[in-house]
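Asks: Residue numbers (the working numbering), protein chains in the order written: chain Y, 1 to 395; chain L, 396 to 726.
Careful: at least some of the hints might be erroneous.
Unchecked claim - As a list, the in silico BS3-like pairs of lysine-lysine whose alpha-carbon atoms are at most 25 angstroms apart: (1) Y/K21 / L/K686; (2) L/K439 / L/K709; (3) L/K491 / Y/K55; (4) Y/K21 / L/K491; (5) L/K560 / L/K604; (6) L/K560 / L/K686; (7) L/K492 / Y/K197; (8) L/K400 / L/K601; (9) L/K709 / L/K655; (10) L/K604 / L/K664; (11) Y/K197 / L/K468; (12) L/K492 / Y/K55; (13) Y/K21 / L/K492; (14) Y/K380 / Y/K312; (15) Y/K197 / L/K491; (16) L/K686 / Y/K55; (17) L/K496 / Y/K197; (18) L/K601 / L/K560.
It should be emphasised that the hints constitute simulated quantities derived from the structure, not laboratory data.
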Amino acid sequence: MPIRKVMKANEAAAWAAKLAKPKVIAAFPITPSTLVPEKISEFVANGELDAEFIKVESEHSAISACVGAAAAGVRTFTATASQGLALMHEILFIAAGMRLPIVMAIGNRALSAPINIWNDWQDTISQRDTGWIQFYAENNQEALDLILIAYKVAEDERVLLPAMVGFDAFILTHTVEPVEIPDQEVVDEFLGEYEPKHAYLDPARPITQGTLAFPAHYMEARYKVWEAMERAKEVIDEAFAEFEKRFGRKYQKIEEYRTDDAEMIFVTMGSLAGTLKEWVDKKREEGYKVGAAKITVYRPFPVEEIKALAKKTKVLAFIEKNITIGLYGAVFTDASATLINEKEKPLMLDFIAGLGGRDVTFEQLDEAFSITRRALEEGKVEKPINWIGLRKEIL
Amino acid sequence: MAVRKPPVTTREYWAPGHAACAGCGCATALRLATKAFSEAMEEKYGDPNAFAIAQATGCMEVVSAVFPYTSWKAPWIHVAFENAAAVASGIEAAWKKLGRKGKILAIAGDGGTADIGMQALSGMLERWHNVVYLMYDNEAYMNTGIQRSSSTPYGAWTTTSPPGKLSIGEDKPKKWVALIAAAHQIPYVATASIANPFDFIKKMKKAAKVDGPAFVQVHCTCPTGWRTPLEKGIEIARLAIETGIWPLFEIENGDFHNIKIQPPGGGAKVHREGGRVVRIEFKKPIEEYLKLQGRFKHLFKSPEAIDQLREQIKAMWKVLGVEAILPKPEE
Numbered sequence: 001m002p003i004r005k006v007m008k009a010n011e012a013a014a015w016a017a018k019l020a021k022p023k024v025i026a027a028f029p030i031t032p033s034t035l036v037p038e039k040i041s042e043f044v045a046n047g048e049l050d051a052e053f054i055k056v057e058s059e060h061s062a063i064s065a066c067v068g069a070a071a072a073g074v075r076t077f078t079a080t081a082s083q084g085l086a087l088m089h090e091i092l093f094i095a096a097g098m099r100l101p102i103v104m105a106i107g108n109r110a111l112s113a114p115i116n117i118w119n120d121w122q123d124t125i126s127q128r129d130t131g132w133i134q135f136y137a138e139n140n141q142e143a144l145d146l147i148l149i150a151y152k153v154a155e156d157e158r159v160l161l162p163a164m165v166g167f168d169a170f171i172l173t174h175t176v177e178p179v180e181i182p183d184q185e186v187v188d189e190f191l192g193e194y195e196p197k198h199a200y201l202d203p204a205r206p207i208t209q210g211t212l213a214f215p216a217h218y219m220e221a222r223y224k225v226w227e228a229m230e231r232a233k234e235v236i237d238e239a240f241a242e243f244e245k246r247f248g249r250k251y252q253k254i255e256e257y258r259t260d261d262a263e264m265i266f267v268t269m270g271s272l273a274g275t276l277k278e279w280v281d282k283k284r285e286e287g288y289k290v291g292a293a294k295i296t297v298y299r300p301f302p303v304e305e306i307k308a309l310a311k312k313t314k315v316l317a318f319i320e321k322n323i324t325i326g327l328y329g330a331v332f333t334d335a336s337a338t339l340i341n342e343k344e345k346p347l348m349l350d351f352i353a354g355l356g357g358r359d360v361t362f363e364q365l366d367e368a369f370s371i372t373r374r375a376l377e378e379g380k381v382e383k384p385i386n387w388i389g390l391r392k393e394i395l
Numbered sequence: 396m397a398v399r400k401p402p403v404t405t406r407e408y409w410a411p412g413h414a415a416c417a418g419c420g421c422a423t424a425l426r427l428a429t430k431a432f433s434e435a436m437e438e439k440y441g442d443p444n445a446f447a448i449a450q451a452t453g454c455m456e457v458v459s460a461v462f463p464y465t466s467w468k469a470p471w472i473h474v475a476f477e478n479a480a481a482v483a484s485g486i487e488a489a490w491k492k493l494g495r496k497g498k499i500l501a502i503a504g505d506g507g508t509a510d511i512g513m514q515a516l517s518g519m520l521e522r523w524h525n526v527v528y529l530m531y532d533n534e535a536y537m538n539t540g541i542q543r544s545s546s547t548p549y550g551a552w553t554t555t556s557p558p559g560k561l562s563i564g565e566d567k568p569k570k571w572v573a574l575i576a577a578a579h580q581i582p583y584v585a586t587a588s589i590a591n592p593f594d595f596i597k598k599m600k601k602a603a604k605v606d607g608p609a610f611v612q613v614h615c616t617c618p619t620g621w622r623t624p625l626e627k628g629i630e631i632a633r634l635a636i637e638t639g640i641w642p643l644f645e646i647e648n649g650d651f652h653n654i655k656i657q658p659p660g661g662g663a664k665v666h667r668e669g670g671r672v673v674r675i676e677f678k679k680p681i682e683e684y685l686k687l688q689g690r691f692k693h694l695f696k697s698p699e700a701i702d703q704l705r706e707q708i709k710a711m712w713k714v715l716g717v718e719a720i721l722p723k724p725e726e
């Protein structure tokens, strides 16, 4: 029988790793995800998880050791955030290019400067082009579940790409919630043993991994990574369906909330989705036809689901905790590209919010709402990007 | 008729057909190193193939793994420039869990070791992974041309340490990574040379057989980067030993009081006290080594720079506990 425990998302991630039975874990402590390797260390120290835990000297070596272990043919796990993820950047491309199904937990945190340990998504958003699958969790249960799903997808032979699961710094990493821990046997059935057919360092069958490719071959290798990410869309749906069947919890690439008759749909990711749904309820009570949508899978980008969402509404408004300096927020930009060739498309607005751990309040959402409502009434968008909740007095 | 056993196995792990330059000293080093490793694995585990290689980006990586070809007859992986030691750590951990007997060989050049890979190397050694780290030292970044590394010797020309009106070439003494590795008090550290293959093989085997981490720094000539004739590699490497430029030593368990010095040959007189080498009188001046290489050509216009190099070499020997007498050439 599954047990329920009250725990932080960091602990939930560690529990997920324990359930997935990786053989090698390599990690370097960084706030706010430090508790993930701490908890895993405990599992290993108590003999509850039969794995090698490599206490590396940096995040760069953490991911490098995971690449080495995954290339040797075992399931691996690591966790990091922010600067640590940025330090891994180079190796993230390599892990994907070498098609190694590493899974990594991220306590989504802002990047320096100024140094800031609190939540936004800039760390993982900055890695969106590395070839890693990206999931974003709304709550601690999702942090656990999505890590298991991440392994299922990453190790699928149609995919073979690494995957990261983000959960918001402090809002989730350090907040306790009831979390259901699935039965080990059911997880074992769901994931199975990892048996690599393409990556192993076995003296009985010597192969060369990580070669140099001249222009004659490089582009095809990159195409194969892109193609695998395209295929991941279908595999993720299958994994979600199987997960629901076995564990009873339903996941979708985009989860919609009260969108059926909505004139305005607000789209977000991560823990902000919880706030947004509650705010939508309030707006509905006030008589506005407002809906919410949560992106659970950001890479591969849920193109079809965004198109379906766009057909339902007059305005799509994105609320995102990241900024692509020089343009708009990344989620808005991606969604805009998704809809570019659609005949009918809604007005689209982007709201940058909550950077560096600033609370996103109902007042801020109301601020976004009034801008969105004006666009709806006027039938046009004056300014696609709006920063909400800025303290103008200190600008 | 009795057939003599070859001095080292005829098995090959570094296959012909790699794209290294003619006369490449590093290619020789890798061939010998893998042969020695294989012998050690056979003697220790009964399986000559019980090893895998993690290699850093560098000239030897680029010439040996051009898709769709490979020169490697052993399981081999390249990930990036700075992380051979970390990748090897991961492989070693995975092998432990897979119950696979054997040892991991990490290979990197001086750039990938003395500079960008230093942190990962230190971490790997400190964590006591069962890995042999082989640094092939051709004393510059030869993969990207010929740029100075922290292992480039004083006075050497490289494209980023050019001699000029205000410069005599590389202006810093060579960084001795073997001594840094030894400071981790790991079971085994050695320097070696392609000019002394049996010593190199012996040391690689010893490194491969210890339980825990080991570090071997092998001096490899580079005709392209050093501006030397293709056929002179071994001769030049030998002169490095005989003039005192390249010391051959072993340090076990970080015991700096018991550094084992190999006699340099070349007529040098080795003085011992209680079995320990305390003084070496080299007979051949360092100029004999320098003059064969285009990278040092400009130094002969600045004898004081050569003297400066001589002083640095003496200082390095002093760290090894040896008083080095380095002659000047006869006028």
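Asks: With reference to the structure, classify each hint as holding or not holding.
Replies: Hints, one by one, checked against the model:
1. Y/K21 / L/K686: Violated, because 60 angstroms separates the two Cα atoms, which is more than 25 angstroms.
2. L/K439 / L/K709: Violated, because 39 angstroms separates the two Cα atoms, which is more than 25 angstroms.
3. L/K491 / Y/K55: 15 angstroms, holds
4. Y/K21 / L/K491: 15 angstroms, holds
5. L/K560 / L/K604: The hint is violated at about 51 angstroms.
6. L/K560 / L/K686: At roughly 21 angstroms apart (the allowed maximum being 25 angstroms), L/K686 and L/K560 satisfy the hint.
7. L/K492 / Y/K197: 18 angstroms, holds
8. L/K400 / L/K601: 20 angstroms, holds
9. L/K709 / L/K655: Satisfied, since the Cα-Cα distance of roughly 17 angstroms is no more than 25 angstroms.
10. L/K604 / L/K664: The given pair, whose Cα atoms are some 32 angstroms apart, is violated under the 25 angstroms limit.
11. Y/K197 / L/K468: 19 angstroms, holds
12. L/K492 / Y/K55: With a Cα-Cα distance of about 16 angstroms, the restraint between L/K492 and Y/K55 holds, given a limit of 25 angstroms.
13. Y/K21 / L/K492: Since the Cα atoms of Y/K21 and L/K492 sit roughly 12 angstroms apart, the hinted pair holds (cutoff 25 angstroms).
14. Y/K380 / Y/K312: 18 angstroms, holds
15. Y/K197 / L/K491: The hint holds at about 20 angstroms.
16. L/K686 / Y/K55: Violated - the C-alpha atoms of Y/K55 and L/K686 are around 48 angstroms apart, more than 25 angstroms.
17. L/K496 / Y/K197: 21 angstroms, holds
18. L/K601 / L/K560: Violated: L/K601 and L/K560 sit about 47 angstroms apart, past 25 angstroms.
Of the hints listed earlier, those the structure fails to meet are numbers 1, 2, 5, 10, 16, 18, in rising order.
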